[in-house]
Amino acid sequence: MIEIKEDRFLDYFRLDERFPHILCPGCGIGTIMATMVRAFIDLGIGQDELCVVSGIGCSSRVPGYLDCDTFHTLHGRALPAATGVKLAKPEMRVVVIGGDGDIMAIGGNHFIHTARRNLDITVIVVNNFTYGMTGGQYSPTTPTHEKATTAPYGNVERSFDICFIAKAAGAMFVARSTTFHVLHMKRMIELALTKKGFSVVEVISQCPTFYGRHQGIGDAVKMLEWLKGSSVDVKKVKDPWQVKDKFVIGVLHDQEEIPPYTELYQEVRNRAKG
Amino acid sequence: MRQLLSGNEACAIGAIRAGVRFFAGYPITPSTEIAEYLARELPKVGGTYIQMEDEIGSISCMNGATAAGLKAMTATSGPGFSLMQEGIGYSVMAELPCVIVNVMRGGPATGTPTRTSQADVMQARFGTHGDHPIVALCPWSVRECFDLTVAAVNISERLRLPVIVLMDEIVGHMREVVELPAEVRLWQPEKPKPPREEYFHYDDQNNYDARIASFGEGYRIHLTGLTHRKDGFPTDEPEIIKWNLDRLRKKIEDNRSWLWDLDYQDLGSETVIVCYGSAARSAMEAKYQFERKSGKRVGILRLRMIWPFPTERLIGLLRSARRVIVPEMNQGQLYREVERTVNLQVGVVSVQRYDGEMLTPEEIIQAL
Ligand SMILES: Cc1ncc(C[n+]2csc(CCOP(=O)(O)OP(=O)(O)O)c2C)c(N)n1
Ligand code: SF4
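Protein chains in written order, with our numbering: chain A, 1 to 274; chain B, 1 to 368.
Some clues are possibly wrong.
Not everything, but these chain B residues come out facing chain A in the computed CB check (under 8 angstroms) [unchecked claim]: (1) Glu53; (2) Met62; (3) Asn63.
Where chain B lies over chain A, by a calculated footprint (3+ residues, C-beta under 8 angstroms) [what the hints assert, rightly or not]: (4) 64-71; (5) 259-273.
Derived by calculation from the structure, the hints in this document are not laboratory data.
We put the beta carbon where it would ideally sit given N, CA and C, even for glycine.
The following block holds chain B by itself, in its conformation from the complex (with noise of 0.2 angstroms):
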C-alpha cells in the first residue's frame, strides 16, 4: 500500500512493526507526531502508552519497563536528549534494550526549536558520562525513517543495548509517498532455560546475546547502574570493573560484521561527499547538477550508522579519493571524525551550515 507518510510517523509505524508495545516520552518539537502517533496506535495493539513528567521519568519509565519484558521507546529533541542521559547509561550499564529518537533541532539550550539541525552527532555519542561505545543509526528518508527504526529495535534486542535513531527536523516532518514492506524481520530473542542457580544475566557467550531473564520471570535478577559481576551484584574489584566496561565495549566490536551497514554510491571518484540525514539529500542533488555541468563524476558516502564510526570500512573506501566533502548542518561534528580516518594526503573540506536552514545543493556545489 502506497501511503503518504511523514519521517516521524513513519518511524512510529516502524517502531510498532518492530513489536514495539511501550512508550514513555514528553513531548518537545519537533518530535511530538511520534508520541501522538504512538498514544493513539499502541492501545489498540495492546501496547502502553505515558507522558511522563520529564525526559529523566521518560528514559527511567522505559528502563523499567524493559526490565520488565518489554520493547520500548522515547522520542526526543536536544533539550530532554540531555535530560536523558543518565538513563541512557543505565540503560547501557544494566544491559536494558531501548530505543531513543532524537529529532535534531538546533541548541544549545532551548535553541531552536522549529529549525533543523544535526548537532547533536557527538552528544549521541560522549553524552552520557563514562567510557563505552554507542549505536546510532541516522535515516535520509521517510522510508529510511521506518527501516532504521526496524532495525534499531532489532540491533538493540540483539545486543542488549540502547540504540539511537538521530533523525533531523527536515527528515522528520517530511512527507514522502512510500511503500512499507508487507513483512519485516525481527530479532527473536529466546528465553533463558537454566535453572536460577546457574543462570548468570551478564554472560559473554553467544556474541553478548545471551538468553536473558525478565522481571517476573521466577530468576529473581538484580539490576543496577553500578559496576557488577556476571551475576548482576555490585562490585569494586578492579579485576571485574575491566571486565564489566570491556563487555560493553566488546559487544559492539565483537559483532562488527553485522552491524556496519553503510550505503555509498559511485566510489572511486576524485571527489566523494561523505554525508547523513537531510544532508545527504543535497548531497545528491549537488551531485546530479555538478556531473551534468562538468562532465567530472562526484562520489556518494552516505552513513546510515554514524556510530560506531565505520572507520575500518571508511579507510578502504576513501583510499582512492582526491578530496573529500563533509556537509552538515552544525560546525563540523563529523568532519573530524572523517579527518582522522582518511590519510594525510587527502584534503577534508567541512560545508557547515548552522542557521536552522537546510543546507542547499549550491553550498555544496560550491566546495566541488
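Bound conformation, chain A alone (with noise of 0.2 angstroms):
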C-alpha cells in the first residue's frame, strides 16, 4: 500500500488572491518556483524562517506568490538587499531568484561582490537568455550571432558563463540544470541550500514568448525538448568549462566552506568590544 504524506506543497504559496499569476502559458518560471518550493518543504525550511528577494524581471516576480516573507526590491538590486537581510537577521533563510539581465547585466557588480564576501545566501539565476519582462531584447548570456529586438542583425557581444563567474567572483557551490530535468534541478536547489556560504544555481529556463519565438525553437514543449538534447551532464565531459556547444549540467564548483560573512563580522565584533 502506498503511504501518503500530506503534501504541505500548496500552503507556501499565497492562493488567496495571487493566482492566478502573470507568467506566459509554457514558461519555464513555474516550474522553477515549484521546484524551489518542494526543495525548501523536503529540507525543512519553514515559512516563518525564509525571506525570498528578487528583483524586477518576469522571473524576479516568484516571491510574489511565496507565503512567507518576500522582499521584491528594484532591478539588479536583489542581491544587495538580501546582504542586508541577512546580515540583520542571520538567523532567517535568505534565497535570491532573478533573471539572467537582472543579477548578470545591471546587478553583474553586486553578483560579484556578494559571491567575494560569502554571503551565506542562495541565488537562483533563471537564465533564459533574454529580457523577458520588457520583450525580448539581448542579455548577458545571449549567444554570440543570435537575434533579438534589440539585435536585430545579430548580436555582437560574447556572452556570459554565469556559473564561471560565480566560481571565480568566490561562490562556495555552483551547478546549473534546466527546467526540463525537474528532479535534478531540484537535487542541485537542495545541495545549494544545504551548503554553508554563497551559492548559485543557474537554471535554464524557456521563454516561449520571446527566446523561443525569436531563436526559431518553437512552443515549450518544443524549448523543453531543445533543452533536453542540448544538455550533457557534467560526470560526462573531461573539462566542463571547455564545453562550448552543449549546457554542462550538475555540480560545477563545490568547495570546502570557508566561515561566511554573518560569522567574521561576529568575530569582529568580538574583537571591538575587547
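Dock chain one against chain two, each of which comes alone in its own frame, and use the hints as you go.
So, in C-alpha cells, the structure goes:
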C-alpha cells in the first residue's frame, strides 16, 4: 500500500488573491518556482524562517506568490538587499531568485561582490537568454550572432558563463540545471541550500514568448526538447568549462566551506568590544 | 562632558545614540569620517558596518536591513547621492525608514570634492523619479549635526520615511567644543499585535505611524517598489494608485504640526535673512556687524528643516518684512522657493557663491 504523506506544497503559496499568476503559458519560471518550494519542504525550511528576495523581471515575480517574507526590490538590486536582510537577521534563510538580465547585467557588480564576501545566501539565476519582461531584448547570456528585438542583425557581444563567473568570484557552490530536468534541478537547489556560504544555481529556462520565437525553437514543448537535447551531465565531460556547444548540468564547483560573512563579522564585534 | 568634535563625528555619534545599528556605505569626500567612525563604533554596540561596492548597493543593502527590523543609516556626497536616488524612491514607496546623510560638495559630476557647496537642495527634494514629498534637515553647527541626526532617525521611524540630512562640507568638517545631552528622546514604535490575517502593512490609521512588522516576525510580509494595496501586494487599479500616492503625500501633510521645526531670531525687522547650513553662520555674523555699524535691526530666519518647505509658517513670519535676503552656496536653489512664498511687494535678493569658498559675512552685508 502506498502511504500518502501530508502534502504541504500548497501551503507555501499565497493562494487567496495572488493567482492566477502573470507568467505566460508554458514559461519555465513556474516549474522553477514549484521545484524551489519542493526543495524547501523536503529540507524542512519553514515559511517563517524564509525570506525570498528578487529584483525586477518575469523571474523576479516569483516571491509575490510565495507565503513567506518576500522582498521584491529594484532591477538588479536583489543581492545587496538580500545582504542587508541577512546581516540584520542572520538566522533567516535568504534566497534570491532573478533573471539573467537582473542578476548578471544590471546586477552583475553586486553578484561578484556578494560572492566575494561569501554571504550565506542561495541565488537561483533563471537563465532564459533574454529580457523577458521588457520584450525579448538581448541579455548578457544571449549567444553571439543570435537575434533579439534589440539585435535585429545578430548579437555582436560575447556571452557570460554565469557559473564560471560565480566560481571565479568566490562562490562556495555552483551548479547548473534546466527546466527539463526537474528532479535534477531540485537536487541542485537542495545541495545549494544545504551549503553554508554563497551558493548559485543557474537554471536554464524556456521563454517561449520571446526567446523561443526569435530563435525559431518554437513553443514550450519544443523548447523543453531542445533543453533535453542540448544538455550533458557534468560527469560525462572532461572539462566542463571547455564545453561550448552544450549546457553542462550538475555540480560544477563545490569547495571546502569557509566561514560566511556573518560569522566573520561576529568575530569583528567580539574584537571591537575587546 | 565637553568634547571637541567635527560635524561628521557628531552626526555619527547622534546616529548611534538614536539607535542606528546598521550602516552601509561607500567612501566619498567629504562624508567619509562618518563611515570611519561607525566602522569603529558600531561593532562595539552589536551593530553592523558594511562597505558596499557602490552607493546603489549601499542604499539597497540599507533597505534590506531596515526591512529586517534595524535602524539604519548611510552617508555620502553628491555623486553618491545621485546614484542612490532610485533606492531612495524605493525606501519612500516601500516605507522603509532610514537616514541618508549628504555632506554636500560642488557638482555637477565629480565637481569639487574638497570644497563646500549647498547645491543639492533641489536634488534632495526632486532627485528620485515620481511624485512624492521628502523630509530634509539642515544643521548649521556641530551640536546640530548631533541633534538633527537624532531627529532624522525619529522622524523616519515615526513616519516610515527616508529622511535626508543635508550638511555642507563646512559643517561636516568644522570642529567645535560641544556638550552632548546625557539623554536623547527616541520614538518608540510598538510592534504589531493583530493576527496575521488582520494585519495590513500599509494602514492609514494612527497618522500613518501604524505598528509594522519586519521580516522574520512571522507576519510573512511582502515589500515591493510597485504601487501596492494596503496589504502590500501590487496593483494597477487607478483608485489604488491614487490612494498609494495620496498616502505618501499625506503622511507628511497630516503630521505638519510636529514636523515643522524651524528656528528664527529677531523677526519683525524690515530686512530678514532666510538661511540654512553654514551660510547661516555667515548671516549671523553679518547681522551683528551690520547692526553695530548702522544701528538698524536685521532679522534672521534659519531653516533647520528645508523640506517640506515651511511655506505656511513663512508666509506669516515674513509678512512684515520689506526685504528678504537668501544667501546660499549655489545659484539660488532655495531662493526661488522663498520668492514664491512671500508676497509680491517684498523684494527677495539672492546672494550666491558657488566657487567652492565659504560665503562671507561681507558678501551678505553688501546685500543689506
Ligand atoms: C533601472 C531599470 N532599468 C530597466 C528596467 C526595465 N526592465 C524591467 S525587467 C528587465 C529585464 C528583465 O530581464 P531578466 O532579468 O533576464 O528577467 P526575465 O524577465 O527574462 O525573467 C528590464 C530591463 C527597470 N525596471 N529598471
Ligand atoms: S515573457 Fe518569457 S520569461 Fe516572461 S513570463 Fe513570458 S515566457 Fe516567461
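Quick rundown of the hints versus the structure:
{"no.": "1", "hint": "Glu53", "verdict": "holds, 4 angstroms"}
{"no.": "2", "hint": "Met62", "verdict": "holds, 6 angstroms"}
{"no.": "3", "hint": "Asn63", "verdict": "holds, 6 angstroms"}
{"no.": "4", "hint": "64-71", "verdict": "holds (count 6)"}
{"no.": "5", "hint": "259-273", "verdict": "holds (count 6)"}
Consistency note: the structure conflicts with none of the earlier hints.
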